[in-house]
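Chemist: Just so you know, the protein sequences line up as chains L and V, in that order.
Per numbering that gives the first Met the number 0: the first sequence = residues 0 to 392.
Per numbering that gives the first Met the number 0: the second sequence = residues 0 to 392.
Watch out, some of these pointers could steer you wrong.
Intra- or inter-copy, both count: the list cannot distinguish identical chains.
Here are the simulated lysine-lysine pairs, DSSO-like style, with alpha carbons at most 27 Å apart [claimed, not checked]:
#1 K330 - K230
#2 K46 - K261
#3 K386 - K376
#4 K261 - K153
#5 K9 - K335
#6 K281 - K46
#7 K322 - K62
#8 K281 - K62
#9 K230 - K322
#10 K84 - K322
#11 K128 - K248
#12 K386 - K2
#13 K157 - K1
#14 K82 - K335
#15 K27 - K9
#16 K84 - K230
#17 K248 - K9
#18 K128 - K9
#19 K248 - K46
#20 K259 - K34
By construction, these hints were calculated from the structure, which means they are not laboratory data.
The lines below spell out each chain.
2 protein chains.
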Amino acid sequence: MKKLAILGGKPIFKNYLPIAFPSLPPFKEVEDKFKEVFLSGMITNAKYVRSLEEKIANYLNVKYVVCVANCTSGLILSLKALKLKGKVIVPSFTFFATAHTLSWNNLTPTFVDCHRETFNINVSFLEEKIDQETSAIMPVHIFGNPVLVEEINKIAQKYSLKVIYDAAHAFGSRYNNSPLAGYGEVEVFSLSPTKPLVAGEGGVVVTNNKEIAEAITMGRDYGNPGDYHCKMVGLNARMTEVNAITALKNLELFPERLAKRKEIANFYISNLKDIPGISFQKIEVNASSCYKDFAIIIDEERFGLNRDELALVLERENISSRKYFFPPVHKQEIYKSKDIPLEGLENTNFISDHILCLPLFAQMKEEEMLSIGEVIKEAHQNTSLIKEVFKER
Amino acid sequence: MKKLAILGGKPIFKNYLPIAFPSLPPFKEVEDKFKEVFLSGMITNAKYVRSLEEKIANYLNVKYVVCVANCTSGLILSLKALKLKGKVIVPSFTFFATAHTLSWNNLTPTFVDCHRETFNINVSFLEEKIDQETSAIMPVHIFGNPVLVEEINKIAQKYSLKVIYDAAHAFGSRYNNSPLAGYGEVEVFSLSPTKPLVAGEGGVVVTNNKEIAEAITMGRDYGNPGDYHCKMVGLNARMTEVNAITALKNLELFPERLAKRKEIANFYISNLKDIPGISFQKIEVNASSCYKDFAIIIDEERFGLNRDELALVLERENISSRKYFFPPVHKQEIYKSKDIPLEGLENTNFISDHILCLPLFAQMKEEEMLSIGEVIKEAHQNTSLIKEVFKER
């Protein structure tokens, strides 16, 4: 191993290695359809959107799929369609968009701590957070790791709560060898550039409930059922045909890319597992993750550097990494309020302070993964020297 | 003239003539950039969005332009960024999305009647609707017809109200020979497929206020200022690069297309003006409309058929038309509420019941316009026969 850049060596990567890179089809595979759409003038929410809905319904084995402009819009419309009131149980260890979708619907988040090992909402802390005002649970499959859907649904049933799964990260994940669809009132998946299946911008709301599917179909078009007499307050959340064409082609290429994501995650695990103080997200029992992100937890005492220091070491080598999710939602200024109880989020605080996501995208090369591993190992070997550098700054 | 289809003749158009058709660049003019974006992986909110923002700022002669996913998202974020509370004055004669953007921000619409001739919010009725709870005015340039910006701004100043211009229809319209930008806190334009300038899906928020521009820039990315510590509850309202590239090329072609739209509107006016009972939208003084839509008002007594009947006559000839805006917002079920006063909307009710928008798009051919004119004239000549047909149904 060469000298670490933070210690005066040359960066291991000449060009910046991104944390994510969109999986797109070769342009020649989509250009004819792009051209067709331009000629026909049917550029948004038309036949290719319909076709994507059919193909995804088939892939996820679910009755109804409604394409939307993005996952956030899909969640906002789902909550609206369900006419929820009061409080909704969500994890705080999630991307803040989860909570925003509640806020746009005047719903108050009840934050539940995450599990220390799976990073997902901790099902054993869930019941105690339910009160008279609670109307729903919105679990999130963090980084693609399926939550314990059956246990959550059991609790929801017991208290007559709706379940909306924020499946932004989870296209391609499986539970009991099935896709993560049809467990809640809806699941909403993201097809944005950093996700396993990419449309460009886009999302899908999936459900087995016809009424909800119809409401989302209206809702993405302002709530207009077709006669310009709105039945709900909707959004413009239409998906463009170019994005649908992109996702359709990507869906064909998806099995290969999903396999590649898992391969990279496994490579990381086997390559880093023997480094003291580095641990990984535990995938739930009977589950398989699409690895939207690959995260490590850094224990400073055993590794010798803290999360922020390791991030800087990587940065100097031109390796991007992300403190994700930091800060957690309950520490975001806009969610601090006397109405939102914040106690009992110890795991969330811990994970948020110790987590680092590493580059993962289907096009990654083995030597890139190896180099990242080398840098982390080398950092562990040189913690005193590195700490000296940080002290001098 | 051949026999009208409603009277048993053949439709004048073999293929359905749409009400609108998107103005797109030739595919060959954009495909290289589409390909470049696919190769670079920078497919959303990147350099072409930045470039479009600069070009539009220049075109509209305004300091800041922020591209968003669509006009509705732009308005929702603008209202959020301005932290408005209470009531906002809006026309009821508008597309319902205007009111929806208030609803998503927990703002109550105060509907003000429109002007009988211009269809725009009636400035003389405006002051009496202002009360202690009123925080803003959101006028709409209906069909591209500029509202009386100076008079509205004067009233706003007098009562310390913010003004947000819903300029969804108005890209290309001018007032006092200048673009409709910089009059309010913001103007929000739509670049959706039916608009004079098309991105595919898209909108732009324009302002001379740096703080608001920064808030919208955050807001379109969930409220994230870049450090993942949200400063506001935002949306995903990013514009894709494909849409920005499309709009950039369309902007080059825009002067010609705008001229064509005006030419078509003028053609309609000179061709239909002598038909009894047909009148047109009066364009405001010192103003020029981009004619996002071309509307006629049908006076049944003088024309011989009512609006719905004429729409059916056109339909049978394969000519699309649109009852736009019908029903007006205050008659939509979701906006009927004891908190929203609905009196004094006589002009809105009248226009909404008598208006019909006719096909208008830059690619329209003279013979198509002539045929539409012929059908309307012929309908006027045969009102008794046509009424008989309707009676028999």
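Chemist: All the hints need checking, so say for each whether the structure fits it.
Modeler: Evaluated hints:
1. K330 - K230: Intra 37 Å, inter 12 Å, cutoff 27 Å: inter-copy only.
2. K46 - K261: The answer is neither: 33 Å in one copy and 32 Å across copies each exceed 27 Å.
3. K386 - K376: within (15 Å within a copy, 87 Å between copies)
4. K261 - K153: Result: close neither inside a copy nor across copies, 30 Å intra and 62 Å inter.
5. K9 - K335: Answer is neither: 43 Å inside a copy and 68 Å across each miss the 27 Å cutoff.
6. K281 - K46: neither (41 Å within a copy, 38 Å between copies)
7. K322 - K62: neither (37 Å within a copy, 35 Å between copies)
8. K281 - K62: Intra 31 Å, inter 50 Å, cutoff 27 Å: neither.
9. K230 - K322: Cα proximity of K230 and K322: across copies only (18 Å, versus 42 Å in one copy).
10. K84 - K322: neither (33 Å within a copy, 35 Å between copies)
11. K128 - K248: Neither, since 43 Å and 54 Å both go past 27 Å.
12. K386 - K2: Answer is within; shortest intra-copy Cα gap is 15 Å, inter-copy 91 Å.
13. K157 - K1: The answer is neither: 59 Å in one copy and 70 Å across copies each exceed 27 Å.
14. K82 - K335: Intra 25 Å, inter 18 Å, cutoff 27 Å: intra and inter.
15. K27 - K9: neither (38 Å within a copy, 44 Å between copies)
16. K84 - K230: Both: 18 Å inside a copy, 25 Å across copies.
17. K248 - K9: So K248 and K9 fail the 27 Å test inside a copy (40 Å) and across (43 Å) alike.
18. K128 - K9: Result: close neither inside a copy nor across copies, 51 Å intra and 69 Å inter.
19. K248 - K46: both (14 Å within a copy, 25 Å between copies)
20. K259 - K34: Result: close only across copies, 24 Å inter versus 31 Å intra.
Checked against the numbered hints above, the structure violates hints 2, 4, 5, 6, 7, 8, 10, 11, 13, 15, 17 and 18; every other hint is satisfied.
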